[in-house]
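Enquirer: One letter stands for each residue in the lines below.
2 protein chains.
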Amino acid sequence: MQLPLLPPFEPGSVWLVGAGPGDPGLLTVLALKALSEADAVVYDALVDERTLKLARPEAILEFAGKRGGKPSPKQPDISRRLVRLAREGKRVLRLKGGDPFVFGRGGEEALALVAAKVPFRIVPGITAGVGGLAYAGIPATHRDVNEAVTFITGHNVSGEVPDNLDWPALARGAPVLVFYMALKHLAQIRDRLIAGGRDASEAAAVVSHAATDRQRTITTTLARLVEDTEAAKMEPPALVVVGPAVRLASGLDWLGAMKGRVLDPDPLKLKARREAG
Amino acid sequence: MQLPLLPPFEPGSVWLVGAGPGDPGLLTVLALKALSEADAVVYDALVDERTLKLARPEAILEFAGKRGGKPSPKQPDISRRLVRLAREGKRVLRLKGGDPFVFGRGGEEALALVAAKVPFRIVPGITAGVGGLAYAGIPATHRDVNEAVTFITGHNVSGEVPDNLDWPALARGAPVLVFYMALKHLAQIRDRLIAGGRDASEAAAVVSHAATDRQRTITTTLARLVEDTEAAKMEPPALVVVGPAVRLASGLDWLGAMKGRVLDPDPLKLKARREAG
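Those protein sequence lines, which keep their order, are chains A and B. Per the working numbering, the very first residue in the first sequence carries number 1252; after that it's consecutive. Per the working numbering, the very first residue in the second sequence carries number 1252; after that it's consecutive.
Keep in mind the hints are simulated off the structure, nothing from the lab. A quick note: this is a predicted structure, and the numbers were derived from the prediction, not measured. Honestly, I wouldn't trust all of these hints.
In silico DSSO-like cross-links for lysine-lysine, where the CA-CA straight-line distance does not exceed 30 Å [what the hints assert, rightly or not]:
id	chain 1	residue 1	chain 2	residue 2
1	A	K1510	B	K1510
2	A	K1520	A	K1304
3	A	K1341	B	K1510
Far from chain A, some chain B residues (derived; all Cβ distances over 10 Å) [said to hold, decoys possible]:
id	residue
4	P1324
5	G1340
6	G1355
7	G1382
8	R1394
9	G1410
10	R1423
11	A1523
Glycine is no exception: its CB is placed at the ideal position from the N, C-alpha and C atoms.
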């Protein structure tokens, strides 16, 4: 496999890297380089174990995510840790699930590095709302159904449903809405969307552990979203999608097809409708 | 560099692959594998030349994008071509700029493969609205400024401004709006956003050829967006961003910093405001 020319990973610098949604095959070449050269890897809970195994054996691995029950390191502590490791002359890999700039707090950590005058590079990753959904056969956009898509975090930094947003406008804006980390406040999200004008019968899906070995998907409606999610015991991390993109999965679930699912070439029944006149 | 375990690229199958926004370092490991093994590569105009050089020398390379002046292949022709190449027993790599499911028409091509019973895999790529903007120091989301982001195509399949969208709702919904391929209808987009309630003095940026050697960025306001874009002779492909994320570039432009730009650790003046207040 021929590799492209890549920039050097300098000692004393930090690379803020997105690891993508789970499948190590979705790591970028730059992420793989960083894993193979880093002296220290500071990683989040959303980083897949198969990905961490690609770090060089001599690297220090530090966990900086939330783990059930235990208090998680605070953001300023993580930033200070990155600065300290870089000042020790290490190549520091800060590895985050998905993309560092999509609900990943990468900007905050980068600004702490700027304040400390530590050189850094941002290495984007595939965000779960695009790449994770693709592993469930749900396209973030599709010509026939949506010319816009909105990504929304299911909880803000205080753990509450975001309150700085105009929910009626969000509900009516993009035909497809993708929520990250939305299980905790699912009932509130459903209520706000329906109050904002979304049809309760609209298609919705929940994708848990997207693009990992534990991926599970349920498809339902906005009205039944909470009950069906609970009945299926869906676990975090989970993406919630509302909109017609969900119906495309019966045609685009390529991963399911590899396990025997028969795909429908006309999932929106457009041809059927055209032929009917 | 240790590689993760990857699935086989079977003869007679098509991999629909996103090549990311430009920098070949943002190719995924799966994309790199596909390039090194494909018998035929059918690629778009937005795929970087440095990326195509990674294809194996024996591969057939076919261009399937728009090129100034010349008529571009129609979508059904491209789909038929993919089916024919696969039926010849080739490993077919359909390579698209960005991500195949983000304004990339990947879903349409995949459904044509389903209809023809050609096995396929979707390989997500880094979409320009996230990864391309990151190369200009503009985060798609940032804790202090936006809990939602909307991606919108600047023109629909007929080449017009999308008319199926509720523009006033889009304008008031997410604090950060990212437009793909927006140069053609920039004045209409500006007018609709201001009519929908966006402040004309709000920050806006245009990033042309993001994450390539030809990347250029201008920052301006919504009011002056059209004039400043024309004065700077910004070329397609270009991303247009509206919202407070733009102001973060003075702190997060890591690529600029590598060329000597001095970054501001407090680009939103939050600390300054807190200290004053």
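Enquirer: Does the structure break any of the earlier hints, and which numbers would those be?
Expert: 1, 2, 6, 7, 8 and 10
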